[in-house]
Amino acid sequence: MIELRSIGVNFSGRDILKEVSITFHPGEIIGLVAPNGTGKSTLMNVIMNYLQPNSGKVRFNNELEYTTKKNEVKIHKLLSMMPDQSDLYNHLSGKQHLKLYSSMWDSNPQLIENTIAALGMESYVNKKTGTYSLGMRQRLCFAMQIVSDTQIMLMDEVMNGLDPTQVEIISQILVKKREEGKTIIIASHLLENLEKYANRIFFVKNGNLDSTEDIHRNLGVNGNMVIRVPEGTPELKQKLSVAFPELDIQLLANSVILIEFPKNESGTLENISAFLNENHEHQTFSVGKMTLSDLYSKYYH
Amino acid sequence: MRAYFKFEFIQFLFNKKNIAIYVILLFLACFYALKIAPSYDPIEKVDRDEIEARFLTREDFLNNVVIDENSYPLTRFAAAIYPEWNEYDKQRLDALDSNRLREYAGSTYKWYEYSDYMIFRNGNGLLYYNPRYYTAGNLYATEDGHYAYMYSASRYKGYAQGDSELSMDVFEERTALQTLQRLLHGYLPIILLVCCILFTADIVLKDKRNLTVIKGFPISVWRRLVVKGGVALIGSSLTIIPLSIGFIIVAIQHGMGDLNLPVPIFSYEARAFTTITMGEYLFQNVLLMLFWFLLLISLLLLLSIQIRHEFANLVLGCVVVFAEFYYYVRGLGFVKEIQWYPSSYVQVGQIVAGYREYLNNSASLTFENGIAVMSVCTAIILLVTLIISKTKRFKYL
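Chains as they are written, first to last, in the working numbering: chain W, 1 to 301; chain L, 1 to 397.
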């Protein structure tokens, strides 16, 4: 369990994290979502004690804090952070990397073979990592953390450079690790993927960690139906706003027009559909609940 | 910790720079063994022709000189000192002709002792050591000759009294062990210390290139540094492997030598030589080198976590090794307490042999003092490193 207590980080007068207090429990996958440079990595660095916060403290399993160097070693036995693929030792093989992590955390050596098999790394794991593609390196970094078998795992952009099949395989492994009682914190931009397996997702904005549940609630869109209109234009949005003044209509950064209709009053959907067919020809639109991507675009709009 | 040591050691062995250092050392060792060692031309060599020429000249003089009240004082002096001198030369020639090497050693010991006594005490500008000591610009030629004759006397005495197998190669210090002794007396220690600096300069800072892989390891900074220091120490000690190739080549050419061969050790206090065995001499050299390695490694580890720049490590490491060249003046130890500077002990072979005591007119530049000074310096540096690494706010790279 990780407990963040009033964590504040300030760089050159700018608050990166502001009084962040939150607890992450065993058997949880936590998603951290935010545009680049908003504090996701800073939060992970604070958890690892690579960065000392200006205020607050991090507590592990209700007993351990970064008060001494001895404690830091104890905490790092419980905790691992996925390495950056550009930091791999190019002259060592993938298997040597895995053995290194397994031996450093004194985990079950059988995990090495199991992880290689689970991630389909058999064909290249004995080759030097200098010959690996970006995706292969990324898989190796993920595998390294899996073989370390720590109670808490921090992963920054774990899905970067992976094809959809690999994303799916890694997602399944993450779910399995959650079932083993691990606490996994993932920073990712693959929102749909994250939405599938994360127990809780937080958006980082203005130094705060906002749970998506709270955001839904605060925005009043919890469980709301939305119409998503791709390739929207400011003109179309303007026309929609004039035609349906009672609805909340937004043009998101990804050029999607999001039309919320909290109460599906009779005829509204049909009217919108007819309007779009008339004014936005040859384009499809979809109706459904608000996705994480929609919420993200709306939140950071 | 064992896993981390294994990892670091593999890193060390596969480091291209380290491999290059070992290869260069191998090349230098082979070059020395094949090119330089065979052309070694000692001043104090076994030269039958020279002995015979000197003997015959003096014998002729003694047979023909008439000493009376009109004789010139120098003629009287020569007539007084040559008989004993010639007796020793005669014994040397006879021993050489009948290949009785231990007898040759015994008479040569006496010859050197008598020669040094005559030249240094009674020479008064009339008698000289081997002319090769009197090179241009050498203000201390007489002192050099005096040391060399005392050294040779002690050495030959050791040969005569010992039971080592003797040969011309042993007399001219050409065997593999004696070549190693000469190298330790020369620049080999400095070469090895520079290698140690090159091995250690990046042993911490290389982690910057793979920081996210190693930063979160559950091992304290102090233990990391201890492991890295251990790896650097082993790596520096492994320089013995390429050097041993050269050693074997010399051994094939001139014989291995004997660990019981006498090595003369000068004592400034006694103003005289005693001998220790070659085994003891090499052991003391190895010990002093290990303390040097420890001092340099601990210094560079401290610099690595404080200055965090490889170039600074190289420069400051070299400053420690080469500092003696900045302040060394012959006889300085008589007026300055240079025995407190670790850099005064950089010529490891010369320290063990007591040559530095002779050069510096100081009874304090001893092997024991060298060990003590370097132990204290290393302990202080390690203590500072330990305190820094245990500081709560300290960050490893």
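Bear in mind the hints are in silico, worked out from the structure with no lab data behind them.
Owing to the predicted nature of the structure, the values given are computational and were not obtained by experimental measurement.
Check each hint, because a few of them may be wrong.
[Stated by the list, open to error] Listed next, the in silico DSBU-like pairs over lysine-lysine satisfying Cα-Cα at most 35 Å (straight line):
#1 W:Lys239 <-> W:Lys205
#2 L:Lys17 <-> W:Lys128
#3 L:Lys17 <-> W:Lys196
#4 L:Lys206 <-> W:Lys99
#5 W:Lys77 <-> L:Lys16
#6 L:Lys16 <-> L:Lys215
#7 W:Lys77 <-> L:Lys336
#8 W:Lys74 <-> W:Lys99
#9 L:Lys336 <-> W:Lys69
#10 W:Lys289 <-> W:Lys18
Structure-based check of all given hints:
no. : hint                  : in the structure
1   : W:Lys239 <-> W:Lys205 : holds, 31 Å
2   : L:Lys17 <-> W:Lys128  : holds, 19 Å
3   : L:Lys17 <-> W:Lys196  : violated, 49 Å
4   : L:Lys206 <-> W:Lys99  : holds, 20 Å
5   : W:Lys77 <-> L:Lys16   : holds, 32 Å
6   : L:Lys16 <-> L:Lys215  : holds, 23 Å
7   : W:Lys77 <-> L:Lys336  : violated, 54 Å
8   : W:Lys74 <-> W:Lys99   : holds, 21 Å
9   : L:Lys336 <-> W:Lys69  : violated, 44 Å
10  : W:Lys289 <-> W:Lys18  : holds, 31 Å
Violation of the numbered hints given earlier is confined to hints 3, 7 and 9; the remaining hints are satisfied by the structure.
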